[in-house]
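There are 2 protein chains.
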Amino acid sequence: MTFLLPDSSKPMNTERENYKKNGLVYVKNPHLDLMDEDILYHLDLGTKTHNLPAMFGDIKFVCVGGSPNRMKAFAQFMHKELGLEGDSKDMKDICAGTDRYCMYKVGPVLSISHGMGVPSISIMLHELIKLLHHAKCRDVTIIRIGTSGGLGIGPGSVVITDIAVNSFFKPQFELVILDNVVVRSTELDQDLAEELLDCSRQIKDFPTLVGHTMCTYDFYEGQGRLDGALCSFSNEKKLEYLKRAYNAGVRNIEMESTVFAAMCRLCGLKAAVVCVTLLDRLEGDQITASHEVLTEYQQRPQQLISLFIKKRLGL
Amino acid sequence: MTFLLPDSSKPMNTERENYKKNGLVYVKNPHLDLMDEDILYHLDLGTKTHNLPAMFGDIKFVCVGGSPNRMKAFAQFMHKELGLEGDSKDMKDICAGTDRYCMYKVGPVLSISHGMGVPSISIMLHELIKLLHHAKCRDVTIIRIGTSGGLGIGPGSVVITDIAVNSFFKPQFELVILDNVVVRSTELDQDLAEELLDCSRQIKDFPTLVGHTMCTYDFYEGQGRLDGALCSFSNEKKLEYLKRAYNAGVRNIEMESTVFAAMCRLCGLKAAVVCVTLLDRLEGDQITASHEVLTEYQQRPQQLISLFIKKRLGL
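If you read the sequences in order, they're chains Y and B.
Sequential numbering of the first sequence, starting at 2, is according to this note's numbering.
Sequential numbering of the second sequence, starting at 2, is according to this note's numbering.
Calculated from the structure, these hints are not laboratory results.
It is possible that some hints are incorrect.
Said to hold, decoys possible - Chain B side only, calculated, beta carbon under 10 angstroms to chain Y, not exhaustive:
| # | residue |
| --- | --- |
| 1 | Pro120 |
| 2 | Val183 |
| 3 | Arg226 |
| 4 | Phe234 |
Stated by the list, open to error - Some residues of chain Y that are not near chain B, with every Cβ distance over 10 angstroms (derived):
| # | residue |
| --- | --- |
| 5 | Ala55 |
| 6 | Gly67 |
| 7 | Gln77 |
| 8 | Ser89 |
| 9 | Met92 |
| 10 | Pro120 |
| 11 | Ser123 |
| 12 | Asp140 |
| 13 | Ile154 |
| 14 | Gln173 |
| 15 | Glu188 |
| 16 | Leu198 |
| 17 | Thr209 |
| 18 | Tyr298 |
| 19 | Arg313 |
For glycine and all other residues, C-beta sits at the position ideal for the given N, C-alpha and C.
When you get a sec, could you build the whole thing from the sequences and use the hints?
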């Protein structure tokens, strides 16, 4: 395969402006237009094998989360909430041909799983963004609904992320491209965060707050846990680090928000991160709550997003 | 939760020597012994809820791979190869209570999925290594059987990794722990790699070779692909980077080998990485082979590992 790269970035800027005006999803890759076919390998979809505009053209909301079961449950919940016809139990996984991710469509809502960690979500986002581009979707809002560890807040609290930060509390995402380190901004859409916070005020069953979300590459050592297979630091050092994170504004810790924020921002998608906390990391490391309690916690971001989507749709 | 960290590392070194002599899996975390219970959250197992020595004490081989379906197929294949009784179709997922990973046990062989990317496999490895430790397993060999992109070798080739390298072609794994960057060696067991290469000489159906494996944090930009949602480099720059990787000894590219090598090495597990290549990255970026061809390719590392296990068991 040989592609030509335009040696001027001007056409792309003009194109971006057009996309912005039209509300289209912006793919920042001049090679794509030169491809005869685009196989979205990890979604088991493609431009020649599927009519992507017909399948996805009406999408306005994309919700992503780590667990396939949770994203199926969210799709079934939205089916009920939007009052759609048919049995939500028969809902078909659009990516059934692969076990890397699962995907469900409920009216204008797409629900997709992304696995755990930055690399896993980044593969999905590359292919999802290309899908939205090929399908000519307009004015798409994308929200990650996830689980996380809390910092200084009660388990079950829902955190709307204002800024995603790395392990050094910086609003940056670093990626190595052809052995150059590229640094990208992890700013999220502040208006969308505000709108979600407004919605949350109508829900009295659980606390919702706005704060920084720290994204790490490891669940154990990388989040200062004492209960991994490897640990070389003391409880005192752990608490000192977590308290510094708290003082820097961090209210929860997860493993996908920085790359999610960076990629959505570059591609003109209005993005938000809404995670429930399963424990308070200042109190411990192990997730000891019962299955029932954890299941109820995980429904909280879904409730908030459902309210938001219904408001946006004028229902 | 409060843990005490021994202020001297001497007892741990003595302990490690004992572990080595006994062939036990080495957990390098003094806090673990002080815990009343250990919940392996992402595996849905625990020391109080499960009799781990009874369930897993006889494990000698652990095989890990990204895709849940592939690791189930491998378990079913090993069931047949080891001539075990019962119907392999009824095989139960030991981690059925969670959808993060799947796990199957076939005699002394454990088959586990790990999802995609360094963070996803690292969560599984922390919990797997603790599981092997709690179950008092001895003389365990662990092998990652995966898929990868090849460099200068034909699609369908099987690569046995001698050294896992990062995006800068260095045999290092970097992790941020309490905002310190920790660098770990990614050396793999050379005797095991030799033994696997020996086994491969008995298989004439596909080529197997030994080479460096490059591990990246991204499938698209991070591997120099021109077909992601984002791409800011030319085909010439891409090929220049991939050729430099080839000249540094890299024969395939995947997304888990560095952390796999680093963690197994620290915990005294003899580890190998055996991946099939789905395409030659010097020829293109998209995976265009048919489903049937890709399925056959993915069986190749399984065939090799089956032969190796049967030899080790004297079958």
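Here is how each hint holds up against the structure:
Because the smallest distance between the Cβ of proline 120 of chain B and any Cβ of chain Y comes to about 3 angstroms, under 10 angstroms, the interface hint for this residue holds. The closest approach between the C-beta of valine 183 of chain B and any C-beta of chain Y is roughly 8 angstroms, which is under the 10 angstroms cut-off, so the hint is satisfied. A distance limit of 10 angstroms between C-beta atoms decides the matter here; for arginine 226 of chain B the minimum to chain Y is near 9 angstroms, and the interface restraint holds. Contact between phenylalanine 234 of chain B and chain Y, as hinted, is supported at the beta carbon level, the nearest pair being about 6 angstroms apart and thus within 10 angstroms.
Here alanine 55 of chain Y stays apart from chain B, with its beta-carbon at least about 21 angstroms from theirs, past the 10 angstroms limit. For glycine 67 of chain Y, the requirement that its beta carbon stay farther than 10 angstroms from each beta carbon of chain B is not met, with the minimum near 8 angstroms. With 10 angstroms as the threshold on Cβ separation, the claim that glutamine 77 of chain Y sits away from chain B holds: the shortest Cβ distance comes to roughly 15 angstroms. Remark: the non-interface label on serine 89 of chain Y is consistent with the geometry, its nearest Cβ contact in chain B lying 18 angstroms away (cut-off 10 angstroms).
No beta-carbon of chain B is positioned within 10 angstroms of the beta-carbon of methionine 92 of chain Y; the least distance is around 16 angstroms. In this structure proline 120 of chain Y is not separated from chain B by more than 10 angstroms, as the shortest Cβ-Cβ distance comes to only about 3 angstroms. With a cut of 10 angstroms on Cβ distances, serine 123 of chain Y falls inside the contact zone with chain B, its closest approach being about 5 angstroms. For aspartate 140 of chain Y, the non-interface assignment is confirmed: its Cβ lies about 18 angstroms from the closest Cβ of chain B, beyond the 10 angstroms cut-off.
The claim that isoleucine 154 of chain Y lies off the interface holds: its Cβ sits roughly 18 angstroms from the closest Cβ of chain B, which is beyond the 10 angstroms cut-off. Once the 10 angstroms rule is applied to beta carbons, glutamine 173 of chain Y is consistent with being away from chain B; the minimum gap is 13 angstroms. For glutamate 188 of chain Y, the shortest C-beta to C-beta distance to chain B comes to about 16 angstroms, beyond the 10 angstroms cut-off, and the non-interface label holds. Here leucine 198 of chain Y stays apart from chain B, with its beta-carbon at least about 29 angstroms from theirs, past the 10 angstroms limit.
Residue placement check: threonine 209 of chain Y keeps its beta carbon more than 10 angstroms from all beta carbons of chain B (closest about 24 angstroms). Separation of tyrosine 298 of chain Y from chain B is adequate, the least Cβ-Cβ distance of about 14 angstroms exceeding the 10 angstroms criterion. With a closest Cβ-Cβ approach of about 24 angstroms to chain B, arginine 313 of chain Y is found to remain outside the 10 angstroms limit, as its non-interface label requires.
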